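Number of protein chains: 2
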Amino acid sequence: MSNDDTSYRLYYWPGIQGRGEFVRLVLEDARASYVDVARLPEGEGGGAAAIVDALQRTDIGTPTYAPPILQDGELFMAQTATICRYVAQRHGLTPDAVEDRFRADALQLTIADFADEVHDTHHPIAGALYYEEQKPEAARRTSVFLEQRLPKYLGYFERVLAQNAASGGRWLIGSDCTYVDLSLFQVIAGLEYAFPNAMRALESEHSRVIELHARVADRPNIAAYLASDRRIPFNEHGIFRHYAELDADG
Amino acid sequence: MSNDDTSYRLYYWPGIQGRGEFVRLVLEDARASYVDVARLPEGEGGGAAAIVDALQRTDIGTPTYAPPILQDGELFMAQTATICRYVAQRHGLTPDAVEDRFRADALQLTIADFADEVHDTHHPIAGALYYEEQKPEAARRTSVFLEQRLPKYLGYFERVLAQNAASGGRWLIGSDCTYVDLSLFQVIAGLEYAFPNAMRALESEHSRVIELHARVADRPNIAAYLASDRRIPFNEHGIFRHYAELDADG
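Residue numbers (the numbering used here), protein chains in the order written: chain A, 8 to 257; chain B, 8 to 257.
Simulated from the structure, these hints should not be mistaken for laboratory data.
As the structure is a prediction and not an experimental result, all values here were calculated from the model.
Please note that the accuracy of each hint is not assured.
[Stated by the list, open to error] Dumping the calculated DSSO-like pairs for lysine-lysine here, alpha-carbon to alpha-carbon at most 27 Å:
1. B:Lys159 / A:Lys159
2. B:Lys159 / B:Lys142
3. A:Lys159 / B:Lys142
4. B:Lys159 / A:Lys142
5. A:Lys142 / A:Lys159
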């Protein structure tokens, strides 16, 4: 991370991986220069106040709805999938063919839906309420998620990988790693943190997905990032939370 | 709608507007030639079986996860926002500047999040269960939605419109109508169907959003579409459902 004028500026809540992590992984894999603004001390323009300022700006063309927000010079952009696609396109982490770029975008939005459903296991009623205020509903939603939705999503991505493997590809799309692989890595990492028992039961049937997760973790820039203090540990404030009472029996 | 080889083919559940409607509005505004495949009789390759076939294809590069699916020649694409952007780009319904296209995509994903939250008011636990199987949870989720989320989203889009109006724009972004205006129209139309009381209470503070809805409805191709039998009426199987017990008091 450097702080010169050519750096991207990422605005995201400082204490969690959250949706910002999908953006961080693209920036890190690309070795792009970026400032993780809200993680700077408040005296240096950081903290949550920096995010609120960005949300309230009236001089940026289109206001942003929520973090993550990426600033690239005068351009401010919201929405995780939009930001990931933008950064990936500038740093060679998208497929080459135009049609494949649309296919990659559809994969990215499916990964985003998957992550949203993981979030809603512990927050089925409202993001503004604590988990403790919606525990019975969370238990009910999680049980359907683990029985139906999780196998459906994993099965889908397994099928995408198998089909691409049939044409010689080791990634979700095409012959090279793209941003959608980085994002699927993040969801699998999060699921293994949140639902270790449920994931252990599903691993053998979804070995291509599990191997993709390992292959992304081994990429030199990603491995260096994961070992650094720039990677915030998983915790019970983000998308992927470990509540033992929600996981499957071990 | 015509049926020649140059037509788009849209695969979406035949009995509801659902997420397919966002795609239909772009196709209709563009006067693009398309076949609404699953609405054809089964004997002509239609019905829900056509969707299942499309989902199971193994010869389309990347499998699709769920409808809507758009076929353009050999390209099959899933995800509503991806499809809308693709069609819009081909028919002059995106902004011209590259930066504005990313801003438009972020707006579209925020509209998609908004629609998802409307859906979850009646399905907070699982899409696979009936509303009647999750009524207490739906009542709780809807109350937070109407009190907090609905005003927040409407306020955001009001602010986007006000800011663009300050530079002379009558639409969400730039000087011309784009696909994101069509999509916001659809969410407002759906909300007025689902929550007439709640919307009436919010209209006066969000007059730019309400006027945008009217302006889109008046576009000649949209007006013709809305008056045709190609527009499926709102009903209690789609995203926007009217359950009187969930709406605010009148």
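Indices of hints not satisfied (ascending): 1
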